[in-house]
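Asker: Spelled out from the first residue to the last, the chains are:
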Amino acid sequence: MFLTITARGPSATDLSHLLHKHPDKVQQFDVADGVAHVFYPERNDDRCTVALLVEVDPIALVRGRKGRDADGFSLAQYVNDRPYAASSLLAVALGRVFRTAMAGTCRARPELPGQRRPLELHVPALSCRGGSPLAEQLFAPLGWQVTTTTVPLDPTIPAWGDSRYVDLRLNGCSTLADALTQLYVLLPVLDGSKHYWENRDEVDKLLRAGERWLPGHPDRELIVARYLRHHRSLGTAAVARLAEVDDAEPEAFDNAVDAEPPAQGQPVGDLSAGDSPAGSAAVAGSAGAGSTEGRSTEAGSTEGRSTTGPLSAGSSLADRRRAEVLAVLREVGATRVVDLGCGEGALLRDLLADPVFTRIVGADVSPRALDLAARRLDLDRLPERTRERLQLMQSSLTYRDERLAGFDAAVLMEVLEHVDPQRLPAVARTVFGWARPNTVVVTTPNAEYNVHYKNLFPGALRHRDHRFEWTREEFADWTQDTAARYGYTVRVLPVGDVDPQLGPSTQLALFTRTDATTAENNVPRRTEQ
Amino acid sequence: MTEQHTAAVRETAAQETAVRELAVPQVALVLLVGVSGSGKSTFARRHFGRFEVISSDFCRGLVADDENDQSATATAFGLLHHIVGLRLAAHRLTVVDATNVQRESRAGLVALAREHDVLCVAIVLDLPEHVCRERNASRTDRTFGPQVIRRQRDQLRRSLPSLKREGFRRVHVLKDLAEVEAVRIVRDRLLTDLRHETGPFDVIGDVHGCLTELEQLLEKLGHRIVRDQAGRAVDAAHPEGRRVVFLGDLVDRGPDSPGVLRLAMGMVGAGRAFAVPGNHEAKLVRALRGRNVQIRHGLAQTLEQLAAEPKEFGEQVERFCDALVSHLVLDDGRLVVAHAGLKQAYQGRASGRVRSFALYGDTTGETDEYGMPVRYPWAQEYRGTATVLYGHTPVPSPEWVNNTLCVDTGCVFGGRLTACRYPERELVSVPAERVWYEPVRPFPRAEGDDRTDAERTGEAETNSAPQGTATGIGRREPDVLDLTDVVGRRVIETSHHGRITVRAEHAAGALEVMSRFALPPQWLLYLPPTMAPCATSCLPDMLEHPSEAFDAYRADGVREVICQEKHMGSRAVVLVCRDADVAAARFGVTDGSTGAVHTRTGRPFLAPEPTEELLGRVRAAVTAAGLFDELGSGWLLLDCELLPWSAKAEELLRHQYAAVGAAARAVFPAALAALETADSTGLDVAELLARTRDRAGNAESFAAAYRRYCWPVDGLHGVELAPFQVLACEGRTFHDRDHGWHLAVADRLVEADRPAEADRTAGADRPAEAVPGLFRRTARRVLDVTDPAQVDEATGWWHHLTDGGGEGMVVKPYANLARGRRGLIQPGIKVRGREYLRIIYGPDYTAPANLKRLRNRGLGRKRSLALREYALGLQALERAAAAEPLWRVHEAVFAVLALESEPVDPRL
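From first to last, the protein sequence lines stand for chains B and Y. Using my numbering, the letters of the first sequence correspond one by one to residues 43 to 571. Using my numbering, the letters of the second sequence correspond one by one to residues -14 to 893.
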């Protein structure tokens, strides 16, 4: 990792006083996971450059961590860009090596820190998820003239296009302390991945480092959200390990739910807009950041908003979908409901809120989704009478699971499209053939409506894990065929905004068992002579 | 009582009373009933095993530290019931040593026995009161007075007359010491227990009075029919001693129920046949006894026909039918026969509900639109090891479901009369002469009724694919997998590596991957095991070197090894069927696909269309090489490497490997420029500069290493497949064939894949010469590891492979599966090249300081994992080759995936 800071103009060598680093020496500092070298390639009065070169020890990066089982680590920990790209590791090194300068103190010459001077910052390999535009977006409002060059992923394989690295040059007039704290905060924000934060005092650090410039930054919510974005440790989930076995990235398998937000209830003071707690801001932030990577598209786009807005919380379509599902469940008088593919439990929360639902089961195939649901629903702190209405269980729609029988209704909300088409018959058999509730509610995107999502390329799907998205006709075919095969009737309802030609954004199918009587009758049929 | 006294009493008793045998079923719940001091514990000790007897006193001791603490009675009996329940669940004879004089206390135990479908026996020690009183008085630990004994004795006396009605199959009452002394317990075989009868059998489905067809079938099976003077069939004998099993419903609806009964009764009487009752026999018995039964379902015909017979015949029939036992367990427990089938938990058990299941099936009490009972498809959930043959529900043609087979092919409805030859599992059938009885519900005919008989049942399925009718009769659900087949902690018995445990958390992870990413389980017969690398090399500059692998095999006593080039691709398992019919018949996949090409976690490599294109090429080569015919199989499972790696792992290559290269390429020029400037201006950065230059060079080497694994692929263009092992085909696996044989097969595929010009144009609109060969040869060396010259040569070969950036090689025992002193030997050891390892251990791993630390790598877990997965993989293959039920194959396949999620250093 490498960066240089160049001061120009008269008495440029004041830089060394501000930094408390002698210009004629090459100095070394132990930093986390490596050694930081500080030297001055240029040290003239009109131009003085300090270079920070951090030699990351890639083995210590993994082995040095306490309390972690090296075997449990992901391959990505061994072969990664951390030794080269500027990221949170470099920010940590900055904080360690230039702490005094960053704090804006200089005992020998107290007048210096307050002086604004022409500075040029050069970060040749900046990890920047969001590319040059994001770097421009975040640094320009702070008064920097931003010059970026995007680094190709592999010049010998042009088809692969650009990497996420940019060569970043910032020119401007600033105090050194501000320049340093801005790097300190924004390097990890731009990197946007795999932070090496160990502690929970990030908020304090952020407040301290950004107090002079962050409150006035137009994108402060985005900065806060991305800075606080907590990434799960890699390689701990069995699912993620299986991805590696198959030469896929852990996230390629371990993506049933989005990255986790920080713990609830963490205060962030004035930085977060309005009264919304850090948790929800960060949730929305991560969803927003996610959509730039091709995750859910629906959230921001229905609002016609940029997806970077961290407070596009409560995406209207998701809310309306849940409301519609609940309305249907109430209409049919269901009291025992199983949410198949409950994810992080948004629908479960709504079901819990209505005492008419006396038995609620959230089933998901992802253990991590269930963990997250348990935390989101704050299961441990629910009153006993509420708690006993709800059960979370790992299940799979492609296996028979007798625990799924005996319900009034089953919900498959935005689940089907995450299943490979060739597994759909198995799913139908599990739900309609074996579980056989009186009511089955299925929602799925309407592919025809996708033209309304401006950020979606024509033909693209709304979520990276979607295996397909159906037109109204395709959905009708499937629902009718399934209903006929398993003895249900079906009715399709619109959810969300409806385009007169292209239909609704979400399609909902309400299946009703033809021989619906009591749940005790839920037995697969096979008759004898 | 002193020992001499006891002996004396015993002697006297033996003189006075003949030995009295008390019959107890081999598996039963035996209640000793007697007042305190009646000698129950002594009796139990003498006649039953140490663990068979559960005493209430002992349980009191367990929960209260005092065998006589009456305040602990409730808890003690809770424990006693629990233990008894567990033993009965395990089908073990259990004796309850408690007073059991109160009706309520016995009722609880009788209910427990019923719950586990086990018979109950009472042995009552009704000794004179004074004997008990004296015994109690002689014991210092019993403090209760004579009134307690008197009360208990009153209760016992009141109980005696009604004991049998409480649900005891047998009640033995012993009235005095002499009787007690004279007792010998005889353990009776359960009526259902015919495990000593090992066959072979011809198991015949519902006959329903179709005598002509039965005689034809018996003759076709090779039985010679014996006739009486009137020419009526009264027996049949097979020259090889094969015996017949009748699956019930001999009577009703058909033209000659008495004739069928006469023949069946004759054969059973002569010991040449066994029979289980059907629901129609049960009803017939009730009708013959004059009970009020509804005369329908063809019973009327039978009664009419019987009326024409002599009265004695009717009585004989009644006795015969009444004596039939619900079901039979045959051939050392490997075969169970019952009219309507029997779930595992009921096999070998005795109770009303077991009989009801065996006669009527798993009914729910519901009826369908024809008024017929709705039956629960128990066979789909069947997970037992015993084969179950049954009838009752007519099917157009018999189909195996989880090791169960219904052989009722609706003869009386104009179908066929079918027998299943056991253990051959062959079906033999004769067509019905005509429709003898119009079914209430339309009976679907099998297509292909003209098929040859005695064909393998597996092939029979190809003929039948019955249409799903409105009634669903006979429609076969694809094999249903239950969540309980895979989740939770599981122990899997393997033939090569003992019992292997899968932990619940690993199964949970595997469930997600299996459900969300993998192919349908019908296509997943196998997942490849992980492979351990060689021991860490001590050579400078090297982490892995062939000599470690050779040393390992030498130490294990394996002399001859084969080194196989490690292709720069991804492991691929290819299942190819001869055609879509085989796919449908053998694997139940009816969407027209003809196989699968999947990764180590069961994911498809390609979309369905290109997969079929690839399979078409493989099939062409397999056919041209004559392998389908040579192996006598309609399908083949191949272990391969699919190239390039980028075809599967492009995301990983771009996001992880290429990104590292890009970041390095961006940072080093600037860093080096700054260092060079600093150096030129006199700063002491020489060492840092040199080191940084090295790192820049390493980063370039790293990029060069991953680039070798990338080349563009367009459809199948650019894709290569390197088969190196034949995994399985119908009926057999190949882990016992040496690798020379495997690679010879692979070479034949490579050879066969060089298509003639005419064939090439078929594939695409590209010019013919642009279609490259799909198959790629695997380079190899065979050597004797005890010959230094050969070792040197092979080592040189490895250098030759890896110096150019090759991935390395895999060393395997030439003979294939090898065992050593401590069991299985690693089936392969990988030796990876120095440059290749950069993309595993990082660009700078060769720096001496790094290498020194990296050498400290523990291989134990990886090796253990490799062996366990290897054994599970073989298990999956053996089960698949033997056409075992899908859940059995899937269990082993799933276990491999679950083990793969164990945390092991991913760089190994």
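No lab work stands behind these hints: they were computed from the structure. One or more of the hints may lead you astray.
[Said to hold, decoys possible] Beyond 10 angstroms from chain B on every Cβ pair, some chain Y residues (computed): (1) Arg30; (2) Pro243; (3) Arg276; (4) Leu466; (5) His491; (6) Ala659; (7) Ala663; (8) Ala675; (9) Arg680; (10) Ile825; (11) Thr831; (12) Arg892.
[Unchecked claim] With a straight-line Cα cutoff of 20 angstroms, these simulated SDA-like cross-link-like pairs (lysine to any residue) come out: (13) Y/Lys837 x B/Lys67; (14) B/Lys67 x Y/Gly369; (15) B/Lys67 x Y/Ala610.
Just so it is clear, CB atoms sit at the ideal spot from N, CA and C, and this is done for glycine as well.
Asker: State for each hint whether it applies.
Answerer: Checked hints:
1. Here Y/Arg30 stays apart from chain B, with its beta-carbon at least about 44 angstroms from theirs, past the 10 angstroms limit.
2. Distance check for Y/Pro243 against chain B: the nearest CB is about 23 angstroms away, which clears 10 angstroms, and the non-interface claim stands.
3. Consistency note on Y/Arg276: stated as away from chain B, and its beta-carbon is indeed over 10 angstroms from all of that chain's, at 23 angstroms minimum.
4. For Y/Leu466, the shortest C-beta to C-beta distance to chain B comes to about 5 angstroms, within the 10 angstroms cut-off, and the non-interface label is violated.
5. The claim that Y/His491 lies off the interface is violated: its Cβ sits roughly 6 angstroms from the closest Cβ of chain B, which falls inside the 10 angstroms cut-off.
6. Not every CB of chain B is more than 10 angstroms from the CB of Y/Ala659 (nearest about 4 angstroms), against its label as outside the interface.
7. With a minimum CB-CB distance of about 5 angstroms to chain B, Y/Ala663 fails to clear the 10 angstroms threshold, and the non-interface call is violated.
8. For Y/Ala675, the non-interface assignment is confirmed: its Cβ lies about 12 angstroms from the closest Cβ of chain B, beyond the 10 angstroms cut-off.
9. Not every CB of chain B is more than 10 angstroms from the CB of Y/Arg680 (nearest about 8 angstroms), against its label as outside the interface.
10. Here Y/Ile825 does not stay apart from chain B, with its beta-carbon only about 7 angstroms from theirs, under the 10 angstroms limit.
11. The Cβ of Y/Thr831 sits about 12 angstroms from the closest Cβ of chain B, beyond the 10 angstroms cut-off, so the non-interface label holds.
12. The Cβ of Y/Arg892 sits about 6 angstroms from the closest Cβ of chain B, inside the 10 angstroms cut-off, so the non-interface label is violated.
13. As the CA atoms of Y/Lys837 and B/Lys67 are separated by approximately 31 angstroms, the hinted pair breaks the 20 angstroms bound.
14. With a C-alpha separation of about 79 angstroms, the suggested pairing of B/Lys67 with Y/Gly369 is violated against the 20 angstroms cut-off.
15. Distance hint between B/Lys67 and Y/Ala610 is unfulfilled; the C-alpha atoms sit about 74 angstroms from each other, more than 20 angstroms.
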